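*Asks:* Now for the letters of each chain:
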Amino acid sequence: MTSINDILETVKDPEVPVLSILDLGVVRGTEVNGDQVKVVITPTYTGCPAMDMIEANIRKALKVAGYQDITVETILSPPWTTDWLSEAGKEKLRAYGIAPPVGGSEDKSVLWAEDKVIPCPHCDSLETTKISEFGSTACKALYRCKSCLEPFDYFKCH
Amino acid sequence: MRQSLLTYTLSLGDNSMILGQRLGEWCGHGPILEVDMALTNISLDLFGQARSYMQYAAEVEGKDRTEDDMAFLRDAREFRNVLLVEQDNGDFAHTIVRQFFFDAYHQLFLKALCESADERLSAIAQKSLKEVNYHLRFSSEWTIRLGDGTEESHQRMQAAVEALWPYTGELCTSTALDIEMADLGIGVDVAELKAAYDQRIAEVLKEATLTIPESGWQQTGGKEGKHTEQLGFILTELQWMQRAYPGQKW
Ligand SMILES: [Zn+2]
Chain A
1 MTSINDILET VKDPEVPVLS ILDLGVVRGT EVNGDQVKVV ITPTYTGCPA
51 MDMIEANIRK ALKVAGYQDI TVETILSPPW TTDWLSEAGK EKLRAYGIAP
101 PVGGSEDKSV LWAEDKVIPC PHCDSLETTK ISEFGSTACK ALYRCKSCLE
151 PFDYFKCH
Chain B
1 MRQSLLTYTL SLGDNSMILG QRLGEWCGHG PILEVDMALT NISLDLFGQA
51 RSYMQYAAEV EGKDRTEDDM AFLRDAREFR NVLLVEQDNG DFAHTIVRQF
101 FFDAYHQLFL KALCESADER LSAIAQKSLK EVNYHLRFSS EWTIRLGDGT
151 EESHQRMQAA VEALWPYTGE LCTSTALDIE MADLGIGVDV AELKAAYDQR
201 IAEVLKEATL TIPESGWQQT GGKEGKHTEQ LGFILTELQW MQRAYPGQKW
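In order, the protein sequences belong to chains A and B.
When we follow this note's numbering, the leftmost residue of the first sequence carries the number 1, and every step to the right adds one.
When we follow this note's numbering, the leftmost residue of the second sequence carries the number 1, and every step to the right adds one.
The set of hints was computed from the structure by calculation and includes no laboratory data.
Errors might be hidden in some of the hints.
Quick list of in silico lysine to any residue cross-link-like pairs, SDA-like style, CA-CA up to 25 Å [unchecked claim]: (1) B/Lys130 <-> B/Gly62; (2) A/Lys60 <-> A/Asn33; (3) A/Lys130 <-> B/Gly62; (4) A/Lys60 <-> A/Thr10; (5) A/Lys63 <-> A/Thr2; (6) B/Lys206 <-> B/Trp250; (7) A/Lys92 <-> A/Cys157; (8) A/Lys146 <-> A/Tyr96; (9) B/Lys130 <-> A/Gly29; (10) A/Lys130 <-> B/Ala58; (11) B/Lys130 <-> A/Trp84; (12) B/Lys111 <-> A/Thr81; (13) A/Lys60 <-> B/Trp250; (14) B/Lys130 <-> B/Glu25; (15) A/Lys38 <-> B/Ala58; (16) B/Lys130 <-> A/Arg94; (17) A/Lys146 <-> B/Glu34; (18) B/Lys130 <-> A/Thr137; (19) B/Lys111 <-> A/Thr74; (20) B/Lys130 <-> A/Ser86; (21) A/Lys90 <-> A/Tyr67; (22) B/Lys111 <-> B/Glu25; (23) B/Lys130 <-> A/Pro43; (24) A/Lys90 <-> A/Lys63; (25) A/Lys38 <-> B/Gly62; (26) A/Lys116 <-> B/Lys130; (27) B/Lys130 <-> A/Thr129; (28) B/Lys63 <-> A/Val72.
Remember, predicted model here, so these are calculated numbers, not experimental data.
Chain B on its own, in the form it takes in the complex:
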């Protein structure tokens, strides 16, 4: 049970941290200043959430590891984030679509996690939900603006929707761990979120004049530690300092 709670808590932290790291790559490269600030602020929120989860994970484990060890000294196979969040930034359309696909899930997930019997996870969820409401608003608005924008922006958005769609199935597919934690009243059986998720995606994409791809092959595996090649590159950058100079302090 302790091991399960540890892995579960880390997986939530990993989602936030990996997406936060991806968004951080936009720092100084945003298409306009306001968007640059928005993406990095969202990144900051996500890192804050990741930190809360990882602090808790370290306490649950009860050994000598700290939040920093969780972030900087685990290998790719130990990361349990969904594949969607590790995908390349691509162009701005890819970044926005990835964000929208994740935010729509994240909001539903956190609402459910607020009810967790684990007080700490519930507290983190309540806190994070307030931030994620803003994230979803931002990514939904941009999805609509660009989808229903110029011919080129529409084309790019549709291409991004098609490229990232195969990574959305994993979000609402429950693993054995999800079900174990849901049965304990601690976690969320994410399969139960699927109807609401599909509805939210359909609503926004319709307004954005974008077409939902025919449901085809869906990639899974991130939640079991089997990642796309993207994650290795992210960790190389994220963990470089601690790997090159073990124990280095700020």
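Next comes chain A alone, as it looks inside the complex:
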């Protein structure tokens, strides 16, 4: 039987399909016991509409791999932060045209302080500007590059 991580690697984030749920860091643990398997996941955002779909896709992938007794448990604590994104995940984001989070999640700049410099994922220019704190999904902000003039999503620190 394929390893549990190999199976979970095939389950993608429905909103950012280049990322597996392992890259995304939402898998908190797995337990395998014969044909029984338990996967513990945590949501990126409480309102993330992808979580139900991720759970269904985990079940499907495990079922196809031959597991019969599948439990998917959702926990909230400790809360997911962008620190849980793997380095490989960040690189995949950039290649996909989404700027990965800059800096750690203990982000003191969230209130009041100056915005951070977010490099353009298309041309690496540092001349970028924030258009909106909230982008195409709850986990992203919308930016524009002043050099190549392209808009892009920024996976914001959280």
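With chain A fixed as given, assemble chain B with the ligand onto it according to the hints.
*Replies:* Below, chain B with the ligand alone, put in the same frame as chain A:
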């Protein structure tokens, strides 16, 4: 104790859900696309939080009700949200001021709830706080931008501040239930948040060149299930599907 925890948890879910529903009304009507997206994203966060609370409430109750029953099959009198969150969207100024007044409270409340002896509520608070930090930043920035903006935006913001001010007193007024839950180490005695709340409001309104109204009559009652007429209209829309087609599934 179980009944108290149930009511308390539902009241937290109700705050998030009712405000989320209000913000959802902006979908497709925002003044600019980015704001439309922001308001609906904030709405989505709030619904996510409401869902976490209501799932927990259903478990605490331990009967057959689910999170959906909590959201769609309770009547107005059973809702325990503060009156502020059910108030009309009004113009964009009203929506922003309502949001700022609530976010400032919400952030302080969640910080305190993170320390709850109830692990589940603490976990929900930790998760929600990260989102609410962004909400507060958004609503504070817009409060300042519009308050210290044009003559018209300033006027509209001041009108909104005055219209909504009477609904802020309830936020930091503890009910018997608040105190009971605080004594158990589970909930928050919100009266203790008042000084910090007033300070945050004063700071931002000052920067926004807006005037805080003379403290006058403050409306209360939402936390005991006594609502303004607004809530009925919200529930009519929110619950329509389950009321018209009981048991309907997605
Ligand atoms: Zn660029």
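*Asks:* Against which earlier hints does the structure fall short, listed by number upward?
*Replies:* Checked against the structure, the hints that fail are numbers 1, 3, 6, 10, 21, 22, 24, while the rest are satisfied.
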